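*Asks:* Below are the chains, spelled out letter by letter.
Protein chains: 2
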Amino acid sequence: MHPIRSALAAVLSLALVPDTPVIAASAAPPAAPLHGFSSAHAAEEQALEARFDALVKADDQRDWMQRLTDKPHPVGSPAGKENAEFIAGLFRSWGYDTRIEEFQVLFPTPKLRLLEMTAPTRFTASLSEPVLADDHSEGALPPYNAYSPDGDVSAELVYVNMGRPQDYADLERRGIDVRGKIVLARYGGGWRGLKPKVAAEHGAIGCIVFSDPRPFGFFEGDVYPTGGWLPEYGVQRGSMLDTTLYDGDPLTPSVGATGNAVRLPREAAQTIPRIPVQPISYGDALPLLKALAGPIAPAEWRGGLPLTYHLGPGPARVHLAIASDWRMVTAYDVIARLTGSEHPEQWILRGNHHDAWVQGASDPVSALVALLGEAKAMGALAKQGWRPKRTILFAAWDGEEAGLLGSAEWAETHAAELGEHLAAYINSDGNSRGFPGTIGTANLTTLVQQAYRDVIDPETGVSVAVRLRASALLDGTPDEQRLAGEDKPLPLKPFSIGTDYSSFLAFLGVPSLDAGYGGEEEYGVYHTSYDSFAHFNRFVDPGFRYGVALSQTTGRIVLRLAGADVLPLDFVPFAATLDASVKRLARRVDGLREETVETNQRIADNTYKLADDPLHPVQPPKIQEPVPALDFTPLQTAVARLAKSAAAYAAALDRATAAGLALPTDRRNELDRILLRAERALLRPEDSPDHSWYRHQLYAPSLTTGSFVIFPAVQNAIEQRTWPDAKAGIASTAHAIDAYTQQVDAATAVLERHP
Amino acid sequence: MHPIRSALAAVLSLALVPDTPVIAASAAPPAAPLHGFSSAHAAEEQALEARFDALVKADDQRDWMQRLTDKPHPVGSPAGKENAEFIAGLFRSWGYDTRIEEFQVLFPTPKLRLLEMTAPTRFTASLSEPVLADDHSEGALPPYNAYSPDGDVSAELVYVNMGRPQDYADLERRGIDVRGKIVLARYGGGWRGLKPKVAAEHGAIGCIVFSDPRPFGFFEGDVYPTGGWLPEYGVQRGSMLDTTLYDGDPLTPSVGATGNAVRLPREAAQTIPRIPVQPISYGDALPLLKALAGPIAPAEWRGGLPLTYHLGPGPARVHLAIASDWRMVTAYDVIARLTGSEHPEQWILRGNHHDAWVQGASDPVSALVALLGEAKAMGALAKQGWRPKRTILFAAWDGEEAGLLGSAEWAETHAAELGEHLAAYINSDGNSRGFPGTIGTANLTTLVQQAYRDVIDPETGVSVAVRLRASALLDGTPDEQRLAGEDKPLPLKPFSIGTDYSSFLAFLGVPSLDAGYGGEEEYGVYHTSYDSFAHFNRFVDPGFRYGVALSQTTGRIVLRLAGADVLPLDFVPFAATLDASVKRLARRVDGLREETVETNQRIADNTYKLADDPLHPVQPPKIQEPVPALDFTPLQTAVARLAKSAAAYAAALDRATAAGLALPTDRRNELDRILLRAERALLRPEDSPDHSWYRHQLYAPSLTTGSFVIFPAVQNAIEQRTWPDAKAGIASTAHAIDAYTQQVDAATAVLERHP
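One line per chain: the protein sequences are U and X, in this order. So that you can map any letter, position 114 of the first sequence is 122 in the numbering used here, and since no number is skipped, the others follow by simple counting. So that you can map any letter, position 564 of the second sequence is 572 in the numbering used here, and since no number is skipped, the others follow by simple counting.
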């Protein structure tokens with residue numbers, strides 16, 4: 009044997025003794041620095057966390073999930089109300105000051121759902137999910153898209169891929185016009201609520217949405233109940249509100265949907281779609297797609313069904329009739345409070361929704377029970393005499409599925425006091441086996457990384473940070489591989505499709521996180537009646553081991569936020585993230601400029617026409633106005649200033665920490681007051697001519713995908729190719745960052761001030 | 009409207025007048041330089057080619073195809089013999105000195121083909137293709153893999169993706185051992201004959217091969233007869249000889265399979281596989297794949313069937329029984345000669361096979377009729393008094409499908425005289441709508457590019473070179489996009505899976521090309537009974553417009569090779585191609601080295617184990633010996649010397665061409681003698697300890713894919729990680745290139761010599 013080979017093999021055989029955890033899980037992790045804590049307090053905190061960990065029980069989570077998923081429990085349902093009361097009862101039993109807040113919200117439920125093909129053959133879509141033996145879905149809302157307008161339309165069908173603007177541009181190049189047609193779109197590629205919106209903008213009169221077996225069903229793995237993936241007649245329900253405009257009840261933008269709120273008439277609610285829309289299974293989609301002729305869909309548009317994907321229009325003709333009961337229902341938010349001992353006026357909010365489309369084992373109960381586990385453990389610690397320095401609030405939101413109703417209406421109702429008191433919001437919305445993943449504002453990066461460092465992965469016995477690094481090394485993006493290779497921690501993940509953090513982050517300007525484990529689950533049953541306790545226990549997190557891990561992760565984050573000597577915001581990774589984002593954006597504009605020149609040149613010199621297949625013609629793309637030079641200097645300068653100030657603050661905090669963080673009370677309070685409200689500086693000023701509901705100038709939805717993007721004013725203008733707006737967006741965003749930098753400087757000044 | 013936009017739009021509207029060819033096809037292309045021709049002779053040549061073009065008729069090609077595809081005509085069939093005689097008759101009628109050469113070759117045909125699943129349910133594979141209305145497949149050989157050994161095996165089934173060495177390595181990481189099992193592989197990923205070979209090396213006892221609907225069937229487009237893609241029960245037939253060892257009759261390696269040749273006993277024929285193998289349709293594969301359990305196949309292994317691809321083994325058990333009639337049959341090669349006027353001893357050979365698995369409209373008749381069109385036109389020109397300077401030979405080979413039998417046995421039989429006389433071989437093997445594509449030795453690059461420049465594309469009216477450039481600009485590799493962007497011609501395509509050029513190139517050392525149009529066909533019926541005249545006329549080249557284009561392209565190439573003042577070899581692109589290939593290979597070794605270090609490190613530090621999902625375990629890869637520094641200097645130096653000599657020859661030829669190429673006859677003859685035999689310098693010397701049949705040191709099959717690669721001694725050693733062999737390969741290849749460079753220098757010396 010080659011000597012090097014045998015040396016490596018020796019290492020390998022040592023390391024891979026079967027069934028032995030690589031590093032034995034230690035009952036109490038070694039004391040390690042904690043951002044915002046003096047070293048003495050860090051040791052106390054870690055001792056507390058060891059007690060906390062021991063109080064988190066998988067069996068609790070199993071029992072709560074069984075109880076909470078026993079019946080379908082969407083907003084407005086009797087089971088939804090019962091679950092809210094059950095949760096409130098738990099909190100009360102654990103010693104929390106608990107109340108249920110009610111909101112009156114618009115929540116349509118289906119009266120009529122008809123989809124039939126009338127030509128070239130007749131077929132009526134089942135629009136229903138077969139009931140399985142271990143189902144608890146009796147009385148479920150049938151598959152529908154909430155907020156579809158009522159309508160009765162008949163037309164030829166067109167397949168539009170994911171129904172994004174670029175998909176319609178591709179159809180146009182193939183000579184296909186959807187005006188007066190009904191479109192068939194597949195789920196994926198951004199926020200579903202944009203599918204009927206974009207379809208209507210292109211003249212379609214109806215919209216059908218289906219889940220292709222690739223990536224939801226048999227292509228990915230065995231379907232339920234054999235495996236965890238979407239069976240033939242499973243249907244993804246979902247709200248179709250246009251959340252690029254605002255979140256929450258469509259009738260009460262910006263104000264809480266309390267009983268006496270002033271409401272828009274339904275016709276004036278801008279977030280409600282304009283054309284009827286209905287989701288279907290791939291079983292129901294199959295005959296529709298089979299009946300389409302016309303050009304063959306581009307390769308990337310083809311899914312996993314056993315047919316040749318054609319675009320149409322027709323000869324398939326369909327008849328779609330939708331009518332809803334446009335009910336006002338009550339949403340029940342459960343709010344539980346553990347008042348802080350030193351800074352009762354500084355609030356840390358931990359939330360997860362409790363409503364579900366049907367049973368909702370994975371979405372949302374898997375993470376809700378982790379939250380309950382945290383609350384129970386903290387309640388027990390409190391009964392043993394512990395008190396958080398800051399106030400901890402737990403929230404179980406209602407109506408998230410319909411459009412973040414519970415969280416948005418609560419945030420709007422309490423906007424003034426939350427603006428004053430809320431230091432951070434920690435969300436979750438589902439959990440499964442796998443690797444830790446946290447979305448968030450980058451000023452919380454260090455907090456999250458230190459939590460990952462201190463939580464043990466139940467599968468391998470190493471910290472979840474170590475396991476995450478292993479995954480990044482093997483399967484990460486090039487950037488992640490590089491960072492992991494240099495043994496640097498990974499940045500937080502960027503915000504994507506909104507969930508209950510949306511109002512806190514983007515409407516109120518609160519540093520926010522959204523945490524959960526994942527990557528090893530079999531989960532194709534999202535928003536179907538098969539997202540059940542039975543499914544969860546077999547395919548998502550058997551034994552609730554990652555439920556416990558999530559409690560230990562988000563619990564730590566909440567405990568540290570509530571217990572730190574100084575609010576643990578780190579501006580250094582924040583500045584680094586912004587810097588990387590500006591660079592990426594500048595590169596993207598450069599790429600777009602080159603691509604536009606190239607494409608225009610290829611159009612002008614006839615290259616598209618020459619390369620085209622005349623039997624399957626595709627017209628050249630449209631000529632685009634050249635991309636002008638876009639000066640990112642204001643943004644780069646602002647980010648550079650922030651980076652400098654962030655480094656100064658970090659150095660000052662290091663010095664203060666080395667000195668035991670022994671600040672006088674008034675200075676500590678002053679410092680926290682600045683830190684708590686720093687993020688508000690990033691909100692669009694009240695006197696801005698832009699009155700968008702999304703006020704955070706660093707994070708808001710993309711108008712084309714509905715996913716959150718960074719620097720939204722700039723990104724959306726680039727997407728729309730409105731270059732003057734992009735320039736203005738650079739200026740206003742830079743201005744906001746400068747305002748934030750002033751807060752950082754003010755914090756540093758407090759730290760450095762000599763009495 | 010934006011001024012730039014409107015200016016571009018104006019250009020666009022001028023260029024895109026509907027149905028107007030972009031550039032009017034001119035009856036006689038403008039005179040342009042021709043490599044190897046004096047300017048006076050170039051003008052004469054182009055006038056001749058205009059006459060040639062006018063003599064090529066689509067209707068001829070249609071009529072010949074109809075006649076030649078009327079019955080199944082594999083080697084050894086009555087229709088095969090009739091077709092050979094029909095082709096010989098055509099050549100004779102056009103004035104060629106024509107004969108049929110016969111070889112006695114081993115060609116097994118099926119007696120027994122049984123594939124049944126015995127557990128967990130019973131299913132018997134149909135192994136047959138439904139007959140369609142317009143079929144002429146009566147009496148076809150049923151779907152089988154020629155040269156499968158006889159056998160009767162029963163075992164559990166394992167899905168092995170494409171059955172390549174790396175696929176078995178992946179299976180091993182998933183704990184799956186194929187010893188004693190029957191493997192199910194899909195077509196694709198290299199030469200099919202390696203599938204049973206590699207399976208047997210891993211201990212499998214039987215092999216089944218199927219065509220997945222992705223990329224052969226409904227995933228790509230509508231299936232025949234609606235569209236041109238593979239229908240549910242279509243089966244790709246094919247030879248399973250291990251052509252990495254040698255081509256042609258398995259019983260007569262290196263010698264012609266004449267009646268009295270010394271033959272190996274069948275058991276000693278190394279190219280015949282060791283385990284029974286049978287091809288099936290995706291219709292027959294569906295129940296087998298559905299009956300597999302075990303781990304889920306990696307995402308890239310999944311095809312287009314509506315199921316979850318599992319690996320097995322079992323619970324599917326299959327019984328495979330194969331028996332053949334191991335017949336000796338006669339192969340009929342048609343050889344037609346038009347003797348040269350000035351250099352009858354210098355031969356230009358143009359070939360295409362005539363045998364087919366069934367009707368063979370696309371493969372091979374589409375290109376055979378283009379060859380016949382060329383021959384007819386040249387015959388007509390000859391009757392009008394024209395004579396080529398060099399001798400033109402046309403060949404219609406038999407038995408290509410079985411293993412290049414006709415061409416290999418002919419090349420082996422006539423090795424000595426071909427070594428002496430053959431200047432170039434121009435192959436084709438199929439043709440369809442689309443873009444020109446030519447594989448070849450890079451010393452023929454300029455010749456091919458000048459032919460593309462002078463042939464008009466029937467769809468757009470521009471030259472096929474312009475159309476190819478348009479395609480490269482939009483859809484090419486980054487290298488192709490760059491070259492096309494700089495308006496530089498594209499290099500020839502590298503040799504891949506072997507066809508009839510194999511013997512001439514790799515056994516005899518003759519500069520070779522393989523030409524055909526393609527890219528706009530619907531062709532999933534390769535080697536099935538549906539590759540018919542009806543299919544071809546609807547989905548491959550309706551109206552034979554690209555058949556005419558191919559005749560005009562390869563006809564030009566043959567005419568110019570036969571008519572040039574000096575054999576038109578250009579060593580400059582040859583050296584450039586070798587240079588790029590050495591650089592690519594060096595980069596690949598560097599990449600492999602880094603990857604090996606990285607992978608070994610990740611194994612040693614336990615990263616694979618930490619990132620692994622214990623419910624779906626995948627073992628780490630095996631530790632590999634580190635990749636040593638591999639010194640490419642000898643190869644780089646040799647290529648640099650060649651580049652310098654190539655430039656010197658090009659300069660000398662330019663000067664001579666400017667002077668009218670008025671060389672005295674003896675010097676011209678001497679020059680051509682050197683050029684004609686230069687490539688032989690690249691053959692492995694007779695006294696080499698390596699007695700491989702593949703003697704060309706620049707091109708031979710990869711042992712892992714069966715596809716031709718450049719620098720095979722080096723590439724195969726790298727693939728096998730036998731680094732001393734790689735070093736030796738670099739030295740021997742460099743030595744061969746040096747020998748070639750000496751020939752180039754000798755040619756330059758003749759050009760430069762003053763009388």
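These aren't lab readings, by the way, just hints derived from the structure by calculation. Be careful, since some hints might not be right.
Keeping only pairs whose Cα atoms sit at most 25 Å apart, straight-line, the calculated DMTMM-like set for lysine to aspartate or glutamate is [said to hold, decoys possible]:
no., chain 1, residue 1, chain 2, residue 2
1, X, Lys65, U, Asp621
2, X, Lys496, X, Glu528
3, U, Lys630, U, Glu494
4, U, Lys119, U, Glu109
5, X, Lys298, U, Glu146
6, U, Lys298, U, Asp143
7, U, Lys119, U, Glu146
8, U, Lys630, X, Glu124
9, U, Lys298, X, Asp639
10, X, Lys501, U, Asp621
11, X, Lys735, X, Asp674
12, U, Lys630, U, Asp143
13, U, Lys501, X, Asp621
14, U, Lys119, U, Glu275
15, X, Lys630, U, Glu275
16, U, Lys119, U, Glu93
17, X, Lys501, X, Glu528
18, U, Lys298, X, Glu528
19, X, Lys652, X, Glu528
20, U, Lys630, X, Asp483
21, X, Lys298, X, Glu124
22, U, Lys735, U, Asp613
23, X, Lys496, U, Glu606
24, U, Lys496, X, Asp621
25, U, Lys65, X, Asp621
26, X, Lys496, U, Asp613
27, U, Lys496, X, Asp613
28, U, Lys79, U, Glu146
29, X, Lys496, U, Glu603
30, X, Lys630, X, Glu124
31, X, Lys652, X, Asp639
32, U, Lys591, U, Glu494
33, U, Lys630, X, Asp230
34, U, Lys298, X, Glu494
35, U, Lys630, U, Glu727
36, U, Lys496, X, Glu494
37, X, Lys298, U, Glu603
As the structure is a computational prediction, the values presented were derived from the model and not from experiment.
*Asks:* Compare the structure with each hint and give your call.
*Replies:* Taking the hints in turn, this is what the structure says about them:
no. : hint                 : verdict
1   : X:Lys65 to U:Asp621  : holds, 23 Å
2   : X:Lys496 to X:Glu528 : holds, 24 Å
3   : U:Lys630 to U:Glu494 : violated, 45 Å
4   : U:Lys119 to U:Glu109 : violated, 29 Å
5   : X:Lys298 to U:Glu146 : violated, 32 Å
6   : U:Lys298 to U:Asp143 : violated, 32 Å
7   : U:Lys119 to U:Glu146 : holds, 17 Å
8   : U:Lys630 to X:Glu124 : violated, 56 Å
9   : U:Lys298 to X:Asp639 : violated, 58 Å
10  : X:Lys501 to U:Asp621 : holds, 22 Å
11  : X:Lys735 to X:Asp674 : violated, 42 Å
12  : U:Lys630 to U:Asp143 : violated, 52 Å
13  : U:Lys501 to X:Asp621 : holds, 22 Å
14  : U:Lys119 to U:Glu275 : holds, 19 Å
15  : X:Lys630 to U:Glu275 : violated, 65 Å
16  : U:Lys119 to U:Glu93  : violated, 28 Å
17  : X:Lys501 to X:Glu528 : holds, 18 Å
18  : U:Lys298 to X:Glu528 : holds, 24 Å
19  : X:Lys652 to X:Glu528 : violated, 40 Å
20  : U:Lys630 to X:Asp483 : holds, 18 Å
21  : X:Lys298 to X:Glu124 : holds, 14 Å
22  : U:Lys735 to U:Asp613 : violated, 31 Å
23  : X:Lys496 to U:Glu606 : holds, 17 Å
24  : U:Lys496 to X:Asp621 : holds, 23 Å
25  : U:Lys65 to X:Asp621  : holds, 23 Å
26  : X:Lys496 to U:Asp613 : holds, 16 Å
27  : U:Lys496 to X:Asp613 : holds, 16 Å
28  : U:Lys79 to U:Glu146  : holds, 7 Å
29  : X:Lys496 to U:Glu603 : holds, 21 Å
30  : X:Lys630 to X:Glu124 : violated, 36 Å
31  : X:Lys652 to X:Asp639 : holds, 21 Å
32  : U:Lys591 to U:Glu494 : holds, 21 Å
33  : U:Lys630 to X:Asp230 : violated, 29 Å
34  : U:Lys298 to X:Glu494 : violated, 45 Å
35  : U:Lys630 to U:Glu727 : holds, 15 Å
36  : U:Lys496 to X:Glu494 : violated, 42 Å
37  : X:Lys298 to U:Glu603 : violated, 45 Å
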